[in-house]
Each structure stands twice: as C-alpha cells, then as structure tokens.
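Novice: Residues per chain are reported as follows:
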Amino acid sequence: MSWFWQSVNSSVGKKIVMAFTGILLVVYLVIHLAGNLTLYGGEKAFDSYAGVLEVIKPLIRIIEVLLALVFIFHIFNGIRVWWGNKKAKPIDYAVNAKSKNSTLFSRTMIHTGVIVLIFLVLHLVTIWYPYNAGGGEVNLYKIVSGRFADPIYAWFYIVAMALLGFHLNHGFQSAFQTLGWNHKKYFSLIQTIGTIYATLTAIGFASLPIYFLYFHGR
Amino acid sequence: MNNNMKLNLKLKIWRQSSAKSVGSFVDYKVSVSPDASFLEMLDEINNELEKNNQDPIVFESDCREGICGTCGLVINGEPHGPLRKVATCQLHMRNFKDGQTIWVEPFRAKAFPVIKDLAVDRSAFDKIIQAGGYISVNTGGVPDANSIPIAKDIASEAFDSAACIGCGACVAACKNSSAMLFVSAKVTQFALLPQGQPERQQRVEAMVAKMDEFGFGSCSNTYACEAECPKGISVRNIARLNHEYLSAKVKSTNVEV
Amino acid sequence: MGILNSKVPAGPIESKWTNHKFNMKLVNPSNKRKYDIIVVGTGLAGASAAATLGELGYKVKAFSFHDSPRRAHSIAAQGGINASKNYQNDGDSTFRLFYDTIKGGDFRSREANVYRLAEVSGNIIDQCVAQGVPFAREYGGLLDNRSFGGAQVSRTFYARGQTGQQLLLGAYSALSRQIGKGAVEMYNRREMLDLVVVDGQARGIVVRNLLTGEIEKYSAHAVVLATGGYANIFYLSTNAMNSNATAIWRAHKKGAYFANPCYTQIHPTCLPLHGDSQSKLTLMSESLRNDGRVWVPKKKDDNRSSNQIPEEERDYYLERKYPSYGNLSPRDISSRSAKEVCDEGRGVNGGEAVYLDFADAIKRLGKKSIEEKYGNLFDMYQNITGENPYEVPMKIYPAPHYVMGGLWVDYNLMSTVPGLFVLGEANFSDHGANRLGASALMQGLADGYFVIPYTIGDYLATNKFSAVSTNHDEFKKSEDGVKEQVKKLLSIKGKMTVDEIHKKLGRLMWNKVGMARNEKGLKEVIGEIKELREEFWKNVNVVGKADDLNQTLERAGRVADYLELGELMATDALKRNESCGGHFREEYQTEEGEAKRDDENYRYVAAWEYENAGKWNLNKEQLEFEFLHLAQRSYK
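Residue numbers (this note's numbering), protein chains in the order written: chain V, 1 to 218; chain Z, 1 to 257; chain L, 1 to 636.
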C-alpha cells in the first residue's frame, strides 16, 4: 500500500483529500443545520429532534467517530498543505497585487479555517460535551438557548459562522475543481451554487443566536 | 513618437549580485517614451549604466514577441505587469502614468532560485517535461498524418493547452508557487489527443512526482495563475490534471510510485 | 579560387536520395554508443537532430545558450510548414514543391538538395502529428491546409499563428525524452566560442558557461551546428535578441566556407521604428496585404495625419506600379518599393513607414469580417503601437528577418571541414537567393529528422578517428584564444557601449547592404565597417567580469563577429554583379525595376574561404539545372 500513501502525500493527493473530506463536511453541515433550525419551532420541536438523536444514539456514535476522522483529516491535511505552500514561496513580493488576480476568500482559507477550528473546539466544549457527558437528564434546548442568550458567546458564534461562509464559498467550488469536475458549461453554475450554499449555511446558523439574543421571548 | 511626451518614472529594481548574495531594491529615475516597451526602458537604463562603468541590470529576454517565454518580471506585484494576456516584452510604457513608481522584482519561488538580479533559474520546468511530457515515438516509422482523425474541437482544445510558453508566470503569481498550470497544460494536451493515450497514466504520475521533487506548492485554486498567464491558459487544465491523476492512481498497475 | 564538390549522387533526381541512402555506410547498432556527437543549437534543426541521433544510440551532447531548448527562435515562426502531401487533391507533388522552391529561390539553389527537401516534407508532418503537435483540422478530423505565397496549391500545414512554437515544442519533447533517458546530455546556457579541428577533422568545441564564465572544452567524433541565422547583424530585425552568428562565424574562421552571405530576406510587413530605444522589429503576418491597401502621401514631408490627407493626395504606389499584383506583389518588390517612397521623403510624416489601410476593406466587408480574419493581429498592433487599426491605418515598414546565406555544405550537409555538419538556417543549402514562406520550418526539420541521421553515420563509418581528449594541444590553443579574446574585450574600457556600436553597424548594413545595393555604396560600406571594427577594438566599453553572468560580454563577442561578417556580406554583394531574389543590385534591373539575373556569369554559389581578418578567397560551386529550366521570375 506504499503507493497509496505516496499518492495521498503528493501535492495533488493532499488536495484530493481536502476535497473529499470537504465535500463530506459540506453534506454534514446541511444535516446539522436542518436539525438546528428546529429551534425555531420552540422547545417542543427541538426536543423531539433531540429525541430522535437519542433513539439512534449507537448510530450517532459511529457517525461521530467517522466525522471526527473526517474533521481531523481535513484540518491536519489543510495545515500541512498550508505549511508546504508557505515553504514553496520563501520570499514574498515587496509589492502585493494579489487582489488583482485572486479572491480574498481563496487566499484566506487557512485563516478562516483556523478560526472555524477554534470555534469547533469551543462548540464541542460548550455544547457537545455538556450534552453528552453531563450525565442524567440533560435538556439540549436549555443548553443551546442558554448559550445563545450570552451576547459574547453569541457574537463569537455569529462571526465564526460568517467566516465559515467565506470558507465554504471558496471551498465548495474548489472541491469540484480539485476532483476534476470543471466543465466549461457547468462550472459557473457550481460556483453560483457554492456561493448560495455558503451564504445560506452561514445565515442559517448565525440566525439562531441572533434570534435568541434579540427576538426570543421578547 | 513625440519626445516632449516622455514619461518620468521612478523605478525600484531588485539587484542581487549572485544566487547566494543578499539582494535589495535600487532606485533608478528614467525618462522614457510611452512607445517604448518595458524591456526597452530597461535597455536604456543599462546603456546609461554601462556608460558610467556600472554593472547593468541582468534580466532575460529573447524573442520580444511574447512567444519564447524567456522574459518575465514581476511589475508592481504582478508577473508580466498589469495587462492581461501580455508577456513582459510586449508591455509598453504607455500603460504607466507620468510620475509613477514602479517596483520590479524577479519571479519568486523556491523552485526558481534567483541567478542574478532579475534572472531566475527555471530549469525545473525542463526536468518535469523530461520526466514524461512527451509522446514516445522515435523518428520514422510513424503512420500517415491523416490516418488519425481528430475532431476539430478536440484539436483546438489541445492547442489551447499546448500554447503554454513555459515562462513560469503561473508559479510566480501563485501564492503557493504551484506549477500546476504548467504541468496540467502539457498533461491535458496529450490526454486529449489519441496519440497521447498509451502513456496517459504513466505520464501524469511521472510528471506530478517530478514536480513535487522540486518543491512547488499545492494548488489551492486561487486561479491567480490563469489571471496572470500571458497565453490565457485555463485552470480547467488543472481540473483535468487532478482527474487524470486520481484516475491513474486508481487504475494504473504501477505500485512503485 | 577553388571549385567545390557538392557530392550530389548521380542518377535521376527522384531516386538520388533513395540510392544514396542505400549506398551510404551504416554504423553497427552496438558501435553507435562509441561515437560522441556534439550538436550546437537546439532549435528545430538542432533539437530534431539531437533527439534522432540519441534515439539511434549515439552519445549526444547538445548545447544551447538559452536556459532551455524551448526558447529557440524557431518558436516565433507564425505561418506554417509546407509539405507536398497533396491532401487537398489540388495537383501538388514532390516535383511541384521542388519546382516552386527552386523558382522561389530565383534559381540559385542546388537541385538535388531541394528535391530531397520536398521528398521528405511529408514525413515531417507524419512525425509531428505522431508527437502530438496540434495542427489545425477540418471538421471531418483530417488535417487542414492554407495557401501561402509563391505557390498555386494549398500545402501549408499550420497551428493557428503559432506553427513554429508547436513544431519546436514537438522537437523539444522528443529531445527531452532522450535527455530523460540519458541518451542526450543537455548543456544549457553555454555559448560556443570556437570549433576545434584536429588533423583536419572537427573534433570538438570550446564554450563559455554563461552562468559562471568558465571556458569549457568538449570533444566528439563529429560536430553539428544548428545555430540559426544572422539577420541580427542589422541590429533591428525580427530575429530574437540573442540570435547570433558567432558559432558559424568561429567555425568559418576554422576553415568552413561561408556561402552566399549577401542573400538576406527583408520582410515587407513589420512594425516601423518608434524611436531610438527600439530593440527589435515585430513581424505582422503578410496575410494582412490580402485586404489592406498600401499608400503614402503624394507630397514630400507631409505631416498631416492620415485622415486629413484626401484621397487624391494619396499614392497607392503598389497598385500604381504593379497593377496586376497590386498590394500582393512579392516580398522583395513590396519591400523595395516602400524603401523607395520613403527615401523620396514621402513616408509617414517624412519618416520610414508606409500606411497599410483597411478602411476600404472595412467598408466593403464590414468590421466584423475583418475582425474575424485578423483580430489577433489587430490586437497585437494596438498593444504595441497604442493605435487602433480599425480607425487609423496601420504603419508598416520592411525589416530583415531571415538569411538564405550560411555555411557551405555538400549534399550530406557537411561543411568544408570534415566532420562539421551544418543544419537549418545556419547552412546555405535549400533556399537559393530567396526563401518561400513556410519553408524554413520544413528545412530545419528535414535536416534534423531525416537527413543528418543518415549522412553522419556514413561519415563516422567511413573515417578513422584517433583518440582525442580535451587535453589535446588544439583544444588548449582554442581555449587560450577564447580566453584571450574575453580578456581583451574587458580590458579596452573605451567610451562606446556595445549596443551603440551594434546600432551603428546595423545602420550601415541597412543603408548599404539592405534592400537595395549598389557598387558605390558597397565599396564605401566596406571601408566604413573596417573603421567601425577598429573603433570597436579601441573604444568599446565592456563592463563586468569574465567569471560571472555577463550579458554585455556575451553581446560584445557577437558584435565583434558581426563586424567581420558585415564586411564579408558587402564583399559578396559587391562581387555578385546581378540581382537575384533578396539580393538587389540597383545597376542590374529590368526597365520595370525587377531583378535581372545573369545566369551566364553568376549561376554559382559563392563560398568564401577565410584567410585573415578582411581577406577572403572566393570558391565557386557551379549550379547545374538538369531537371528544371532556368527562367525569369515573373509577377505579371
């Protein structure tokens, strides 16, 4: 299998790993967002969603492990790509004209990625962990709505989701390009879908803290 | 044409006496006709320097028609300067404003070390081609040219890829110094043509492996390469390379690489 | 004065090459690796030769002054490559291509060579297609052809306007494959500065490593030069900045005869000078003359802008002088006429440019149609000049772009120095006094892919070679000579830069050895070139060091050679008391101003033997036309 690891570690292979894991995460975010949006239905609706999760817990556990692996691959590999790329251009230009030939989104994947990573850790510690390791009867709705009512937490969440949107805006079409799916006819459509997806995802997630902070219960 | 119309410019040009020495920007003031090309402006500066017994600025150029790929300077942060689909040698001074400051730097990439001043070593590109950027046919013993019909649009698409002049602006423009546009253009040309099929898998594997040896970065799809390419080579070539690579890795029987 | 033996095999023209291939001796496959071959220059001719010799099993060392073989100036050829495939079923044949080329060359080339060129032309296309060269195709998937000047059939294969690039990249890929395999050792950034001749055989070269300045020596059993032409002697030409004569000139000084140095081709449609700082001239495809009308003001020194000059004050001089061909008159006629009107002071603003006007064509066919035909050329024009040719007429002027002259070679492409072979533009062999469009690419590849691999084998198989290492006295002598010259150049420390002297030489050559020549001017210019040469060696300023990348030093060596070659060109032009092809002597013209050949006295190749600086001996190769009849070229 040495050919496999060699391929995965090649400059192209690393990118293909990013694209594969990226697409899985894109799909995951859709599911996650769909669940979160039940918060708008109030405590009851959300509880029934949480209830479903409770029922299929063994399956959730397996998915969580796989998801963790995908995340780790995506993050670890992303940092590796970034580091390798940095080494490939040891001296940068004195005058910078990058805005003339590329988008800000494409150049800042590592930055948006790292902030989303920090968010992810915080997210796990503040929501996933208390819910799963809290023991006894834990009300997920209470945890979530409590967090979102905290302005500092909520605003960090909102900013992180905006950056996630940036990340997805480039990442979505980039994954297609990396997997070789760039066709003269369809690629601009893919880019548009990517932007719509990124925007809706960011708004969808970020709308919840805004709702809880400013509109819920007023 | 009109001498009264000369542009007065301030140039900040990278000078570095050898690969190992430390370089720095040196200021030059120049008054130049707007009809002169960028390289002719440098010629003028060099002629003055030589008259004053100073070492002229080393930069490379040859055909000055935008086809040989020898020239290549980073002008105000952009390889081949501000115009699109134009090589440095075809950039004319009328595209600059009187009184403007112009920064001139060499291509920057680990795989393109500076030789002297603005000249860099791009021999890595040759080595990548030597690894597989060809169709293995010896002279003689080939079939009649018309025995292999090729659809017009396929031939045309292959030409678009083959139009690469190997200047290295893609590497220079890329924040990752990735050589993907260059390599993918050659891979695509041969992947499209029937003549390229027998070595299709082996070619992409060998060329990517060689590219990686030189320390070019990974492509992160910023598409700066396409924007700065003097021949407008499309990033669709890169997509095709990715696809070719993935498919070769999955299908080929090569377990060595 | 000697008579040269061209070693053309006997027999009917269509079987000469076939018989010769059979009669030549072969080198046993296992013996091939015992022979070292040096190939200098890796453009179309050099790369194709080096690749093919490598494939055959010879040990090849290839040299280029570029950073990569892909930079050679073959890359800039636009139009196409001729081949007598007769794919169009329009009456083409080997014999017709042969005939067109001989006639186009104004009956000043060797029949047998030209026939062979036509004979292998089809193989070239096959070879290039097999390499993956993306030639233009028809909708049915078969190869497309276009028409070109000097032919009544459609036989030009092309890849958009970048045929030279695609063919060179094909040869480059074949060469790269051999380099990758280790069959060819590639030496980039080396400039050949001397040929080493041992016991009468070419046995090696001395080069300067352009990065380190080190003088390096390489030995071999045979040396192949494919180093291109010398049109850059005019300073302003369509050649690349670094194209030069040094390799062939140094070989000339070591005994290789220089043939027909005065045959230069001036291309009529180039962009004119914009100012003193101009470094080169850009060619605009000749096809523009299909729809553009050439004119100048009738008045001298007319400074009005083109739009202000009314129709009746314009002189459409080509249409006036050559009513039947008009704007599509042949290259030499068009070029010369432009020079005439400009000399009269009737050029654009009294300078050296004429108008090429598309206003009528745009009116007749519509802007869109013109855009489709010439869009990329118009864009290029606008990019370079800043003027919009859809609105104001283009300005054009002729410029040197190719030399038919070069080192003399026999039928085997071997020069007068045994073991020294010369290919492509560097030799004189196939184009006579004028080259047809789309034939340079054909000749380069014919020589490299299909001729030299056979003839060099015969030479190696039939000659004895003593063991010669680079420690041999002759190598040492050459090395010392090269070092001495470098030292000398750097020590003069005069007042003039290399470019200033080159520009001066270019001006002399252009004015007196350019499009039109006469006895008086040629005699004057010989003296002027001598003076300039003296000035160079007394007053040039070459800055920098010997042991470093030093572009000024590189140019200085090339200009030093041009200052000798220029004299030989003028000497040759003066000796040739006739007009033929690209060589136009004002004294020898018909009443209509056309070239007047003198077949009785000048039906020969002038091959000059170097004696010492400024002294040459003339040797002649009489040209026999066994298979074609000598005829006056007619454009009526």
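Keep in mind that the hints were calculated from the coordinates and are not lab data. A quick note: this is a predicted structure, and the numbers were derived from the prediction, not measured. Warning: the hint list may mix true and false statements.
[Claimed, not checked] Listed below are the simulated DSS-like cross-link pairs for lysine-lysine, each with C-alpha atoms no more than 27 Å apart in a straight line:
1. L:K503 / Z:K51
2. V:K184 / L:K493
3. Z:K29 / L:K373
4. Z:K51 / V:K100
5. Z:K51 / L:K493
6. L:K373 / V:K184
[Said to hold, decoys possible] Among chain Z residues calculated to face chain V with C-beta under 10 Å, some are:
7. V26
8. V114
9. S136
10. N221
[Unchecked claim] Over the 12 Å line for every Cβ pair with chain Z, so calculated as not near, a few chain V residues:
11. I16
12. L25
13. S48
14. V81
15. G84
16. D92
For every residue, glycine included, the Cβ atom is placed at its ideal position computed from N, Cα and C.
Novice: Decide, holds or violated, for the assertion that all CB atoms of chain Z are farther than 12 Å from the CB of G84 (chain V).
Specialist: violated (6 Å)
Novice: Taking 10 Å as the limit, does the beta-carbon of V26 (chain Z) come near enough to a beta-carbon in chain V?
Specialist: Given a least distance of 12 Å, the restraint on V26 (chain Z) is violated.
Novice: Is it true that the CA of K29 (chain Z) sits at most 27 Å from the CA of K373 (chain L)?
Specialist: Roughly 42 Å between the alpha carbons, so the hint for K29 (chain Z) and K373 (chain L) is violated.
Novice: Is it correct that the beta-carbon of S48 (chain V) has no partner in chain Z closer than or equal to 12 Å?
Specialist: holds (41 Å)
Novice: Against chain Z, does D92 (chain V) keep a CB gap of more than 12 Å to every residue?
Specialist: violated (7 Å)
Novice: Do the numbers back the hint for S136 (chain Z), that is, is its least Cβ distance to chain V under 10 Å?
Specialist: violated (23 Å)
Novice: Please check whether the beta-carbon of V81 (chain V) is more than 12 Å away from every beta-carbon in chain Z.
Specialist: The assertion about V81 (chain V) is violated, with a minimum of 5 Å to chain Z.
Novice: Against chain Z, does L25 (chain V) keep a CB gap of more than 12 Å to every residue?
Specialist: L25 (chain V) clear of chain Z: closest Cβ-Cβ about 17 Å, beyond 12 Å.
Novice: Does V114 (chain Z) pass the interface check with chain V, least Cβ-Cβ distance below 10 Å?
Specialist: holds (9 Å)
Novice: Against the 27 Å threshold, does the CA-CA distance of K51 (chain Z) and K493 (chain L) hold or violate the hint?
Specialist: Given that 27 Å is the threshold and the Cα spacing comes to 10 Å, the pair holds.
Novice: Does I16 (chain V) clear chain Z by more than 12 Å, comparing its Cβ with all Cβ atoms of that chain?
Specialist: violated (6 Å)
Novice: Does the structure keep K503 (chain L) and K51 (chain Z) at a Cα separation of 27 Å or less?
Specialist: holds (15 Å)
Consistency with the previously given hints fails for numbers 2, 3, 4, 7, 9, 11, 14, 15 and 16, ordered from lowest to highest.
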